[in-house]
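Visitor: Whenever a hint applies, use it, and build me the whole structure from the sequences.
Here the protein sequences come in this chain order: X and A. In this text, residue positions in the first sequence follow the working numbering: the first is 2, and each later residue adds one. In this text, residue positions in the second sequence follow the working numbering: the first is 2, and each later residue adds one.
Some hints could be false.
The list cannot tell twin chains apart, which means a pair is met if one copy fits it or any two copies do.
Here are the simulated DSS-like cross-link-like pairs (lysine-lysine), alpha carbons at most 30 Å apart as the crow flies [claimed, not checked]:
1) K160 x K307
2) K414 x K426
3) K426 x K171
4) K307 x K171
5) K338 x K171
6) K77 x K445
7) K307 x K338
8) K312 x K171
9) K426 x K21
10) K414 x K171
11) K236 x K254
12) K160 x K312
13) K302 x K171
14) K347 x K171
15) K80 x K21
Hints listed in this document are in silico derivations from the structure and should not be mistaken for laboratory results.
Protein chains: 2
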Amino acid sequence: MSYGIESVPVELDPNSQAQKPRHAEFSRPKFLKLSNDDVEKGRDHFTREILYPGNGATKEPLPWNAGYAEVINAGKSDKNEDQSWIFAGVMISESGSKQLRPSKEYMGTSLAKREDSIAVVMFGVCDGHAGWGAALYVSKVLAVRISERLEAIKHFLFKSIETGSELIYKSPDKAYAPGDVIPTEMQETITTENLVTGVLEECFRELDDEIRRSLSTYDITGGCTCLVVLFMLGKVYVANAGDCRAILVRKKKQGGYCFEELSQDHNPITDRQRVQSIAYLQPELLGQYYGRLELERRARKKDVEKNEDGKPTRLLFRDAYMRGWARRDVTEENVNKIPMVIGRDKRARLLSTIGTTRGFGDHDLTCQSGMYIKPFMTSGPEITVYRLTEREHTPDDVIILASDGLWECLTNKEAVDSVSGTLAKFLVDDPMRYIQTAVELVRKARGESTARSWRTPNDEFASMDDISCFVIPVHQHMRAPKTLTSTAATAKRGADCSDFIDINAQVINFQTSNNSSEDLSQASDMNILIEFESSVQSLPVDESNV
Amino acid sequence: MSYGIESVPVELDPNSQAQKPRHAEFSRPKFLKLSNDDVEKGRDHFTREILYPGNGATKEPLPWNAGYAEVINAGKSDKNEDQSWIFAGVMISESGSKQLRPSKEYMGTSLAKREDSIAVVMFGVCDGHAGWGAALYVSKVLAVRISERLEAIKHFLFKSIETGSELIYKSPDKAYAPGDVIPTEMQETITTENLVTGVLEECFRELDDEIRRSLSTYDITGGCTCLVVLFMLGKVYVANAGDCRAILVRKKKQGGYCFEELSQDHNPITDRQRVQSIAYLQPELLGQYYGRLELERRARKKDVEKNEDGKPTRLLFRDAYMRGWARRDVTEENVNKIPMVIGRDKRARLLSTIGTTRGFGDHDLTCQSGMYIKPFMTSGPEITVYRLTEREHTPDDVIILASDGLWECLTNKEAVDSVSGTLAKFLVDDPMRYIQTAVELVRKARGESTARSWRTPNDEFASMDDISCFVIPVHQHMRAPKTLTSTAATAKRGADCSDFIDINAQVINFQTSNNSSEDLSQASDMNILIEFESSVQSLPVDESNV
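Guide: Have a look at this one:
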């Protein structure tokens, strides 16, 4: 489990509770191309109709024919608080951009052959809670922030293609003799993979801060978890903050399927040591009702008072630094404290309030006793990197990326079985192959409506939560996504438009015009063309509150 | 990397700098049975003679014929600041103790057949720095503290043997329906393995606190890292705080050797995120000269001032929450700060001072600018558990447990090659087999003295540090160590002595007489017979300072 850490002072605008405009109208993912009728159907908590790209008004495939499906919750919130997004773009090298005039045909060929462009494809799922504001905001902005930061390091990336080495900095390979002075300058080895990892780590944290600052201007309700799967240069970077999950499902050569987890869930159980560590170092954050320790049972006043043997009761406990359990005398400070982590599995809660421990938003969230919860949460993601090029992948290898609504009802193994079963029913080039695989996963987790509740085929509780699920085939990862129409963007850029991809999702062209590749301080001034929803494009941040 | 954490207020007795008696006389491990001549030879920094059990005055094998060798440093400190220790004992069940009268023969047979006794064997290496006091203290006391705490949980351990289940607590297996109240009582599953892990975690931290408190009475110099390998009930528990290392070397069925790391080194590089996290949450601990961030180079005043483009310089940095690297504007607070972690590999230093980040002691250690270093260090160990019973082990499978003096010159692979080479030269029952394997490892790391310095066969710098190395065969793990004489202890216990093992190391008999197995609050009052060096046995703690 990564460090992540948190506990920044909660500095909210005193006017943050005042009535403010929404930062955007509620919507479902643009790439679904839903008609108004579809949107209405998808809002029904009783029928819980499954939405997918194929049942939208316009049938346009997702990148690599990726599959997707979603369903609303069974009534726990009015809106579907999950938000999914796709991003596809191409970075053009400084030198390449001068000559490059790619045609549509080019965009369909392998980018691996080209040294002057790098395809970037991202899939993301945000799972909102206590409102849909944060999830919508993150789904519209995070990819742009990531693309901006990738643009700022692209000369390193192109250089690594040119030189065939990912190394961008290596500490001097010197054998120190005893007595040598220790150098205070950096002694690290840095690769392009470290830089991309750093881009994701910084973007998550900066965007969360952006949300906090925006609260003085806009109503951005609740919080959200977020998982991003980024394909670039033969690698998959998975950045996770929360309890969405991505697994790689792979067909074995000898038959049968296996899987690898590409992320670890962050919840009060898995992230316990991090949240306890923060309370260990800043105990005042817990207030008077909560206690840092897990205890085998609630400690009572009489446990401290002398027992028959004249000694206090000893209880099993677990502290921040422990994976094991030990016994300790009950003291006054343990008495009647509610453990900061309670509950089991999906019912585990931090400060009796929230079931996830990482993500965006929640800046004003308090527990019943009035203490802020945000200092224990972090937007710091855990990054895993999977090297696609180390193995041959077939059209039967997919990444499942889904919100916890899916995973609370399906084990990884059950999801794999479902995927393999559906994939077998379709030809590899059927445009509905991965969509139906996603639909089937969602259907299994949602179950069917019965007189009592939503039940699985085994008559267990099915998921009452929002469910969102991508099924992404990975064998085409070195191909740029298929290009489609690009009227809007071309119109804006006019004759300067040298490269563009529109996959009916969020769209960006990475090419910059006057940006020296050496001068990273200019990154924020890049002339990036973003074809974006106007509600986000026009979102100002109140600088007085920065 | 485990959380560990730290930053307790440094509360030292104001008189701690006053002249106080040593807590014990300097000595080498008792199990070496060194004559005064041997001790003198071992102190010579110029010849650096290798000491091992076989060259001692008395030839008595270690448990399971384990191997051991040590050598002093090349002059960096007057004394050998490493301290190694062995502990062997048997826990007797409450019910069993009433009837059990084990003979010497019994002690040589497999304990796996007996349900009323549990063999406990520990090997430990402490690597001292800035004095030998802490290492000696820990080597004499830690095993006793661990055995006391094991005694306090033994009824769980015996119950697990009886029932065949390691489970001691299981949360109710209830399917929660949406809307159910979240229980605030413990919802965990706890096994005996969790308890033993907790014993080790607590003992490390408590002993470090014991050392801090003892400083008002005794002169306990410096600090030490520590690694404990504990064999019990078919498992190996490895508890590590610092940069000693244990690896399991295993001969493959198809020939050749492989290895598994049983511990992870803790140094300013591997433990960077933990120490940065503490500075992140308690920045005042760094003082004015140190900075939390790693930066690609020292930030200067002119980096903050406007560059030609009117903006500050952007430098690569890495913060507590990052595994990757990103760029950030240089700000005033970065200027001229020394990174809290500097240097590379074995030369990495925390606050320019210390090369390890976990261990015991160092309570009064400050860096040059006067800031305490202890708040960034932790005695919290990282525990790994290896299940010996999941695999068949042969006499060619060993655990190498050594101080960093060995590992700074030998890679794991080189150590494995050395081990396999030496083992092949001896019959499996040769009493010198594992000893010579340890000697050969130490010889390779120490190298040979040349005109210039100690050099390896490849003419590279050899280890100038103290080196201590156990080579422990694991195939006999279910056998109690061979029993030898037990005069001293028998004499003390008289007719009550029902069970005893003396392996010429530190010795303890776990049996208690009047202790209810249910009443753990009595644990500290146990009637434990400890045959111990008097210097430790009589060590009082100044209670006024507790």
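Visitor: If a hint holds in the structure, say so; if it does not, say that too.
Guide: To see whether the hints hold, each was checked on the structure:
no., hint, in the structure
1, K160 x K307, "between (71 Å within a copy, 29 Å between copies)"
2, K414 x K426, "within (19 Å within a copy, 48 Å between copies)"
3, K426 x K171, "neither (50 Å within a copy, 42 Å between copies)"
4, K307 x K171, "between (62 Å within a copy, 29 Å between copies)"
5, K338 x K171, "between (51 Å within a copy, 22 Å between copies)"
6, K77 x K445, "within (19 Å within a copy, 67 Å between copies)"
7, K307 x K338, "within (19 Å within a copy, 53 Å between copies)"
8, K312 x K171, "between (59 Å within a copy, 27 Å between copies)"
9, K426 x K21, "neither (50 Å within a copy, 81 Å between copies)"
10, K414 x K171, "between (42 Å within a copy, 24 Å between copies)"
11, K236 x K254, "within (21 Å within a copy, 36 Å between copies)"
12, K160 x K312, "between (69 Å within a copy, 25 Å between copies)"
13, K302 x K171, "between (59 Å within a copy, 26 Å between copies)"
14, K347 x K171, "between (44 Å within a copy, 16 Å between copies)"
15, K80 x K21, "within (20 Å within a copy, 71 Å between copies)"
When the structure is compared with the earlier hints, violations turn up for hints 3, 9 and for no others.
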